[in-house]
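Heads up: the sequence lines are chains A, B, C and D, in that order.
Take the first sequence: its position 160, counting from 1, is numbered 192 in this note's numbering, and each next residue is one higher.
Take the second sequence: its position 21, counting from 1, is numbered 53 in this note's numbering, and each next residue is one higher.
Take the third sequence: its position 131, counting from 1, is numbered 163 in this note's numbering, and each next residue is one higher.
Take the fourth sequence: its position 228, counting from 1, is numbered 260 in this note's numbering, and each next residue is one higher.
Read the hints as simulated data drawn from the structure, not as lab findings.
Be careful, since some hints might not be right.
Put simply, identical chains are the same to the list, so a pair is met inside one copy or across any two.
Heads up, simulated DMTMM-like pairs for lysine to aspartate or glutamate below, C-alpha to C-alpha not over 25 Å straight-line [what the hints assert, rightly or not]: (1) 232 to 350; (2) 308 to 350; (3) 105 to 210.
What follows is each chain in one-letter form.
Protein chains: 4
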Amino acid sequence: MKNTFGTNVLTTIFGESHGPAVGGVLDGLAPGIPVDPETIGKKLALRRPQGAISTSRVEADAFEIVSGVFNGKTTGTPLCVLIPNSNVRSGDYDAVRDLARPGHADYTGFVKYHGFADYRGGGHFSGRVTAALVALGAVAETALELRGIKIGTHISRLADIPDRAFEDLNADIAALSDRPFPVLDGVAAEKMQAAILKAKEDGDSVGGILETAVTGLPAGVGEPWFDSLESLLSHGLFSIPGVKGVEFGDGFALAGMRGSEANDAFVPANGGIATKTNRNGGINGGISNGMPLLFRCAVKPTPSISRPQQTVDLRTGEAAELAIPGRHDPAIVHRARAVCDAVTALVLCDALAGRYGADWLGGTK
Amino acid sequence: MKNTFGTNVLTTIFGESHGPAVGGVLDGLAPGIPVDPETIGKKLALRRPQGAISTSRVEADAFEIVSGVFNGKTTGTPLCVLIPNSNVRSGDYDAVRDLARPGHADYTGFVKYHGFADYRGGGHFSGRVTAALVALGAVAETALELRGIKIGTHISRLADIPDRAFEDLNADIAALSDRPFPVLDGVAAEKMQAAILKAKEDGDSVGGILETAVTGLPAGVGEPWFDSLESLLSHGLFSIPGVKGVEFGDGFALAGMRGSEANDAFVPANGGIATKTNRNGGINGGISNGMPLLFRCAVKPTPSISRPQQTVDLRTGEAAELAIPGRHDPAIVHRARAVCDAVTALVLCDALAGRYGADWLGGTK
Amino acid sequence: MKNTFGTNVLTTIFGESHGPAVGGVLDGLAPGIPVDPETIGKKLALRRPQGAISTSRVEADAFEIVSGVFNGKTTGTPLCVLIPNSNVRSGDYDAVRDLARPGHADYTGFVKYHGFADYRGGGHFSGRVTAALVALGAVAETALELRGIKIGTHISRLADIPDRAFEDLNADIAALSDRPFPVLDGVAAEKMQAAILKAKEDGDSVGGILETAVTGLPAGVGEPWFDSLESLLSHGLFSIPGVKGVEFGDGFALAGMRGSEANDAFVPANGGIATKTNRNGGINGGISNGMPLLFRCAVKPTPSISRPQQTVDLRTGEAAELAIPGRHDPAIVHRARAVCDAVTALVLCDALAGRYGADWLGGTK
Amino acid sequence: MKNTFGTNVLTTIFGESHGPAVGGVLDGLAPGIPVDPETIGKKLALRRPQGAISTSRVEADAFEIVSGVFNGKTTGTPLCVLIPNSNVRSGDYDAVRDLARPGHADYTGFVKYHGFADYRGGGHFSGRVTAALVALGAVAETALELRGIKIGTHISRLADIPDRAFEDLNADIAALSDRPFPVLDGVAAEKMQAAILKAKEDGDSVGGILETAVTGLPAGVGEPWFDSLESLLSHGLFSIPGVKGVEFGDGFALAGMRGSEANDAFVPANGGIATKTNRNGGINGGISNGMPLLFRCAVKPTPSISRPQQTVDLRTGEAAELAIPGRHDPAIVHRARAVCDAVTALVLCDALAGRYGADWLGGTK
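Required output: the full structure, derived from the provided sequences and hints.
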């Protein structure tokens, strides 16, 4: 569905980097969920560029809730949020508008849209559009928290610098929630930021791996086959610009294990059933098993770098050299964290509404 | 959509491991595509257990085309294929029916379906259902070949034994097409099979990584955001039982590169545009760039192993030990290859039909 | 979605009139719903041709449940039903295969499918496919009955002969449930059957109007705008071959009323709220108001008539005269009743599952 | 999908009557379609209240295109339009906020959304939201016109006053296109307006029937069964507030005909095939046959009337009398015309994009 995603709780996004605004519509979420502009603002702040390690294009991210909220709570009807683009310097791009930036959608978008797309700043392909996802995701996260479900993401590795592993999940999630650079180990965080600055000095960029944990999700959510939780989550996560890999539980490492190691043994726990290990990331047969969800996203290095690159002129078809002007992020991994949390929340709200009904996530039960 | 997937070309699957049949419906594929029972049979044979390295439950995979084919060609209306289950020994499971098999969907399915699901042989969660995907995928692959698009998958690693990398893609795809054990390097193939047999001796199982290449896909297919090619393909691929990771191009390795390394430079080529490298797996911004698609799936080791495992009785909630009886695969990676090809073909037919119209894949233009 | 319909409870149909079978898949219905072959058989019998007033092609409608039922109850996974075509006389059509039958899909199907479609007996466009809808609908009706929701349809007018209006809805629904010719007033029923026989004598056919009532549906089901109950139901009802009009409540008659007459006044009732009249057919703003649903479908006369008709040869493009051979129904209105009930049940199960969750319709609460 | 509709060309709407704005997102329309603000403005003007026969709440309908248009043409990415609400007098509703207005969604919305919905002016159920449909529909109509497809709607009956039938369709469509009161016969138009004024004097309202014609649609568009053109169009049309009946071709009148009368004979025409009559409204078997589409919508009288009505207090459950304050339309039929055209255009763009591919409707071929 292109720019709309979901079955019962649907997310629609729109906007271009240098247009008047980006925005999104969240439809099907239950009525009665508190919508606190401050909560949304905090999530947007986590996505915003941060000091020297980010682009100098910093948007205020003032946002307007156009619909769907009444007396501070969701109405149950579509919630539209609009985030105006204010800090736009389109002139930066004019000189190079026909030179396809490697690693970007300039060429593929040109082919797909026959040259009619808004090329400025990547247009609709810009990471700027993720601000809308983050704003809507903030509401979805609030809904999940009403049901005891929490989401947290850290940078598990950046430029080959590892963070420590998740330990006490709920404590770690709480610690990450207001940390602009989402790393659990302080020393690792400093090293990562140094690596980002070094890449910036080199006119280059770095990538990293995001690891997400979800606690409190009940067993029995998701479907066999095409709506497996892995299918639904990966569908959403691969929508995030720069994500080129997604793995659940031990993921690719499972491929190197034997069954006796990869299987998570079942044990009785608190009147229910738990698993001793969680190598399958809380999902068996596409359905949640009550253990924490665990998954990782590989985020490639920001494609916009200032070093000269080899490319082609889209209009003439001739080879050219491109030194991308404008303001860039030497890393987006830390900013992508907020998007990852948001997408996770939106997908889970959809899966839960399908399982337990439209009202389940609301303020009414 | 649970057991239906797609937007313009839709795949629906049904059936249980020990029911009368599994099957599927393919809807929206263009009319006029040749449907050769032999082609379908060959693909099913690639999915079938093979000698000592597989389970001894070998189904004949006789299949019946119930609808949608007339005079040897697709009609354009729903194609239903039915694959009877003949070699069923349900008795194997009676003694352990309440003991949740670790790594399987027994527990999650029990929770989700309140104990009403058919537990025999995994029921609807059984890999047996993938036979229907393979049969429908064979028709989809034929459609793609009419447009010059080819798909091939090899085991790039099994139990830490690597295959050689793809080289001449079209030649490698051709070589893989009728190889029951889909490995490019003969020596590696032997080592892998030895590793499978060793695991079998140990009452254990192994996993592996499948790598897929698609050639001939034109640039401009896929959508930004939620219907990115990565989103659509991963949605389908994570539906395959045992797949726990999906990565495109260099995938997780990209997270450790710098932008100057990860970006694929554009170069003029044959009057069009190509990239010098293909680290992004033929996809920029969610849309195909005309280079070959490249992606990998991590397949976990078969969860059914004969070694005793710790588990819980679903009815009593008490701890138990389980030694799974019945016939098992010490590896499913080689068999999953056919499923991977099929899902890829089905997803691409859908994306192409959305882009170019319902007739594009047919025999009429 | 072409041959699949629904959001949470999905119906997929397949098959051709003269192929091996027609069938359908019902996905997303809750586990634990009793599936009684006799119930399905009774519904199929209501759809079957009946004596002199119907075609002499009478199918036994033996059906096979291929999946989704275990120990006599739904499993929650896809339920596939297959209905073999046994009484096929394709030879009837050979002489006229290129002559487009007026009022049928021969010409439009030829254009759409470029001549590849199975033309025999209308192929996939045949009313025969509705047998699959009826079989799946029987399961859906059982689910609804578990929640106190009942559906009944009568012929409110056939060839200008009116039936009496609905009076005591639940009694009328009960009376209709096993009546092969679904008319409330016995005298009217006789007149209608005489009119059908007269048309048959004339080599012609008649149409009629079906009126459906649904009792027990709670208030609050349906959505504003695009998933209004009217939208969902009409989408399904217009899928039934021959239906050319759908109206809710007083429907077209409302257009001639004043607001003071058309509005249904609210009154307190049994601790809740009811309406004094029910001119809006139980739906306000697209959402059920707790009153019975009431709607009507206009069914055009069977297009297959034996009188000579003017047409065109699809291959040569030349004018021709066509006297349709084979066995025809001088009326399908009474048989379409079972399809109407089935589609209504399928649509309502979907709407209820979206509103109250996947389990709501099952045998577990 | 609640507030999103379509498969390849998707429409999403949002907003409440007394919120900051209503709006919509149109996704999947081809790039290169000219977007002329004046064209959109003209369509919005046709929906706007008109003089004495309408409500005195007249919105300027200033609109903002937030995304999806670049250099005056569609980009191919989501087009968001925002229409601010300026002329809002919420105070009108405070006194009666708990009294469910008969014929409105106040009660059903209250049940569905547990009292959290914005009740002011009907909130999200308000006809005000149709302004977004009209704005998006204007772009869709432009796209269709690029392919020679034209849409026109007249009031075929209002309060029992008939307009003349369609004659020369293209001329009639052209004449209707800028007529605020869309009636073909001038005398009938005067009588209808007099009937509206009379109802207004009586504190009452009237309904009517809209009849739509579409010319230029090629044969072969639509699907059998669930995506029949009748299914798709009725789904959209029943989303329009007040529509309670939809019929295609001769619709309900067909139910009273014999087959020999209802069947449209095929005749050779201009190297193709036409039908002598068009009683089936240009659709056979759910698929367009190349003849003009013809359908009718029954629009009930505006439920907001100033005459006192019997109702119930939603909070106390007690009987009450309600005289609705505020500004009302004694008729909305003429205004609903623009919505009907818009929905038709949106549905047809979707069907055509599915048939012929994403680019088909664009400015590129």
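Hint check:
no. : hint       : verdict
1   : 232 to 350 : neither (29 Å within a copy, 57 Å between copies)
2   : 308 to 350 : between (59 Å within a copy, 15 Å between copies)
3   : 105 to 210 : within (23 Å within a copy, 42 Å between copies)
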